[in-house]
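Asks: Listed below, chain by chain, are the residues.
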Amino acid sequence: MSIWENLGLVYALLGAAAAVFLAGAGSALGVGIAGQAAAGVVTEDPSKFAKVLVLQLLPGTQGIYGLLVGFLTLSKIGLLGGGAAQLDPQTGLLVLAACLPVGIVGLISGKSQGETAAASIGIVAKKPEQFGKAMLFPAMVETYAILSLLISILAVTAIQV
Amino acid sequence: MAVLQIQRVSICALKKDRKAILERLQSLGIMEVTDLIGDDEAFRRMDTAGARMGFEKKAHTADQALEVLDQYAPQKTSMFASLEGKKLVDKDRFRRAAGDRERILSAAADILACSRQIAEKKAAILKDENQIESLAPWILLGVPMNFGGTRDTAMMPGIMPAGTTLEDVYRILAEQLPETDALDVEIVSSGTDGVYLAVFCMRQDAGAVEEALRQGGFARPAQTVDEDPAVKTEELKADIGRLTREIEEKESAIRAHAENREELEYVSDYFRVRAEKYQVLGTLPQSQSAFFVSGYVPAKAVPAVRKAIEEKYDCVMDVEDLREEDEPPTILSNNGFSDCVEGVLESYGLPHRGEFDPTTIMSFFYVFFFGMMLSDAAYGLIVAAACFILLKKFPRMSAGMHKSLKLFMFCGISTIVWGILFGGYFGDAVDVISRVFLGYEVSVPALWFAPLNDPMKLLIYSMAFGLVHLFVGLGIKGYMQLKEGQVLDFFCDVVLWYVFLIGLILMLLPSEIFASIAQMEIVFPPFLNTLAKVLAIAGAVGLLLMSGRANKNPVLRLALGAYDIYNITGWLSDVLSYSRLLALGLATGVIASVVNQMGSMLGKSIAGVLLFAVVFVIGHAMNLAINLLGAYVHTNRLQFVEFFGKFYEGGGKPFEPFENDTKYVDIKEETLS
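Listed in order, the protein sequences are those of chains A and B.
For the first sequence, position 100 matches number 100 in UniProt numbering, and the numbering has no gaps at all.
For the second sequence, position 92 matches number 92 in UniProt numbering, and the numbering has no gaps at all.
So here's chain A without its partners, still in its complex pose (with noise of 0.2 Å):
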């Protein structure tokens, strides 16, 4: 069995790929911008570690929606139950234009609410009441990761494998 019959299943597994690595990335890169703003506000005030803690993690989304499409895309081309199903080239490359949104709507979002996320550990590290209106901000971004998740998920589950 050649790479070329089987260029179906490659394209495939790169989507699911793709989504995972890229918004994993995203998601990595977003909660360390966070984390470390949030590690300088623990240092003056260990007692707002909870609430910055929260507010860290808020980027780590992403990457759960990368792990949720990659998961979709490998029971359904087959690889998680043990028989891979036979792909055509195109219906490869369908799956990996499918996991596409989600992996790079999700790597900027998820850098982008990292980013968010360091500002509002600002807001907590000065008033730290205001902690419901900063976790808005960064929910905010989330939107968008959201929506290419959605569509993620439906162009998978839509093609006929």
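Honestly, the hints are just simulated from the structure, not real lab data.
Heads up, the beta-carbon is just placed ideally off N, CA and C, and yes, glycines get one too.
The reader is advised that the hints may include incorrect statements.
[As the list claims (entries may be wrong)] Here's a subset of chain B near chain A, in silico, CB distances under 10 Å, partners left out: (1) Ser-347; (2) Pro-455; (3) Ser-573; (4) Arg-580; (5) Leu-586; (6) Ala-587; (7) Val-594; (8) Gln-597; (9) Ile-626; (10) Tyr-632; (11) Val-633; (12) His-634; (13) Val-641.
[As the list claims (entries may be wrong)] Calculated from the model, a selection of chain B residues having no Cβ within reach of chain A, i.e. all distances over 12 Å: (14) Asp-35; (15) Glu-186; (16) Pro-303; (17) Ala-384; (18) Pro-445; (19) Ile-502.
[Claimed, not checked] Result set (DSS-like, lysine-lysine): computed pairs, CA atoms no more than 30 Å apart in a straight line: (20) Lys-48(A) x Lys-406(B); (21) Lys-15(B) x Lys-58(B); (22) Lys-663(B) x Lys-133(A); (23) Lys-48(A) x Lys-403(B); (24) Lys-127(A) x Lys-51(A); (25) Lys-127(A) x Lys-406(B); (26) Lys-58(B) x Lys-19(B); (27) Lys-58(B) x Lys-121(B); (28) Lys-668(B) x Lys-403(B); (29) Lys-653(B) x Lys-127(A); (30) Lys-51(A) x Lys-403(B); (31) Lys-406(B) x Lys-51(A).
Given chain A, put chain B in place with the hints provided.
Replies: Just chain B now, kept in the frame of chain A:
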């Protein structure tokens, strides 16, 4: 479901009752004192700043003493100490401690003095240790460092760069001073930071020798001591031992005060309460023999104030409804279920005066959406049970914490329900365990449907729930406008939008787009299709004409109307935003299945079971934690942005009554009737 009605209560009483009345008001804790009369000739205000600062300083002293006590005689605290809340203490016991305050404060001063002495002695030890360190290279010198020499010879201790050998020194001296030969150089010690040596020469050569050596990097030691370094080191060590013993003595002196801990807490709170009282006292207008206090009191608490003050003292008590210019604080009052989301509302902002309190309506949606996002029966059970146990175990936790835990308990219950509907019990744990370890597959079917098999269906339902949520929000806006009597605004801002949106939705439902998304075709009778078009067009035209009604200029008016119709994109994004219900619900289930799958990799064996147990516990704990956070954040977001965006302004002031604002203990009061 309401904001409590507030009234203004003003009391004018005799000065001789001032202390008693103020203390009674403070222990009732139901009046927010505000200044009613501005500056007036007849009234003066007492300057209480000095007394108040004195009390605050004493409270601070007690606080500091308690901190020191915690450092040297720590109390055993459990992980949940923060949930325990303030201790309840008998009034008599509190009074007794307060009466004994001078003794307790002197104990506090003693504790602080001990702590200060410990700090000083520690600094002294540090100084000694530094000196020992600097003497260490000279320890073999055998004579004091400033010995200087005998009648005819000179001794020069000094340091040369690391790596210098005895030959190097002699060579340098031979090159620089070829005719001087009465020289002796001894290396006392050598280390990485330099070579320590003692140079002996004839007294008349001393200057020349030192000059010559300096060319080779010779330097006198920075510090010299009058004694033999070895002897001095012993002395310093003895000094350190003495200081350490003294520190231990002081520490045990502090520990001996540990029995005063409770009394210190009482005294700290006693002074804190008095400081608060004096702060209020300073704002009260007083005349020769009378004083005047006024503030906001919840209407239902007014009888209690009457009973406690008016019936007992010679005074005039006046209760009046709020005037136009008043800015009263907001107190929420809700039933036992809905009050749990009050904290969530407070974090956004309390309703301002006259605004509708959305707590009750919000509480149902909150619990509903939260459960849908977490959507796993087992997770829900864990959350609900944990919150229930904590609530039962720590009945005296702070009110805010109590509400939050209650909220999570209800959300947990809702999660159980959604989990059963969607068939999630630790994801697909039942299937995986039975398949891998028992050999035959058992699965618990979803009561409604499994979201992973039919995400489109859940998406449609998510948006439908969202639409209901948004329509309720718009409805509340309409209700408020009707209450204010703004019928035209109600018609233009609310009714027209309802008409427009319902028309659009009715047009969308039978369309092909919807059929392809929902995989079901809806066929309306023709009259309904016509009705949909009529509604949509009527709504759109109405909005176009009416939204800019504040403007006289017809062009501007139409432009504003068109802009308002453009807000339909806002509605679209609001509704789409509810797709997070689907996304977060799926995320919980998928990660749970990944965990189960990873755990069952080794198959049916002892190692396999062990691996499964470890992965199961860690994986599901992490999944629960991260999805709990996600569900909390996004439920809040749906309430704050989408729901409140339709009608809510907030900006009310919280109620800050004049009360016993204690830090450590609550004083048991006679119950109010």
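Asks: Report holds or violated for the interface hint on Val-641(B), using the least CB-CB distance to chain A and a cut-off of 10 Å.
Replies: The hint holds - Val-641(B) has a Cβ within 10 Å of chain A, the shortest such distance being about 7 Å.
Asks: Can Ile-626(B) be said to touch chain A, with a Cβ gap under 10 Å?
Replies: Where the cut-off is 10 Å and the nearest Cβ of chain A is about 7 Å from Ile-626(B), the hint holds.
Asks: Just to be careful, I want the Cα atoms of Lys-127(A) and Lys-51(A) compared with a cutoff of 30 Å; is the pair within it?
Replies: The given pair, whose Cα atoms are some 12 Å apart, holds under the 30 Å limit.
Asks: May I ask you to test the interface hint for Val-633(B) with respect to chain A, counting a Cβ-Cβ separation under 10 Å as satisfied?
Replies: Result: holds, 6 Å to nearest chain A Cβ.
Asks: Using Cβ atoms only, decide whether Val-594(B) comes closer than 10 Å to chain A, and label the hint accordingly.
Replies: 6 Å, holds
Asks: Does the no-contact call for Ile-502(B) survive, Cβ to all of chain A over 12 Å?
Replies: Non-interface label stands for Ile-502(B): nearest chain A Cβ at 24 Å, farther than 12 Å.
Asks: For Ala-384(B), is the shortest CB-to-CB distance to chain A above 12 Å, so the non-interface label stands?
Replies: 21 Å, holds
Asks: Is the interface hint for Tyr-632(B) satisfied, with its Cβ closer than 10 Å to some Cβ of chain A?
Replies: At 8 Å from the nearest chain A Cβ, Tyr-632(B) passes the 10 Å test, so the hint holds.
Asks: With a cut-off of 30 Å on the C-alpha distance, tell me whether Lys-48(A) and Lys-406(B) pass.
Replies: 23 Å, holds
Asks: Holds or violated: the hint that Pro-455(B) contacts chain A, with Cβ atoms closer than 10 Å.
Replies: Holds. Min distance 6 Å.
Asks: For the restraint on Leu-586(B), tell me whether the closest CB of chain A is nearer than 10 Å.
Replies: Check passed: Cβ of Leu-586(B) comes within 6 Å of chain A, closer than 10 Å.
Asks: Are Lys-51(A) and Lys-403(B) close enough, with their CA atoms no more than 30 Å apart?
Replies: 18 Å, holds
Taken one by one, the earlier hints all hold for this structure without exception.
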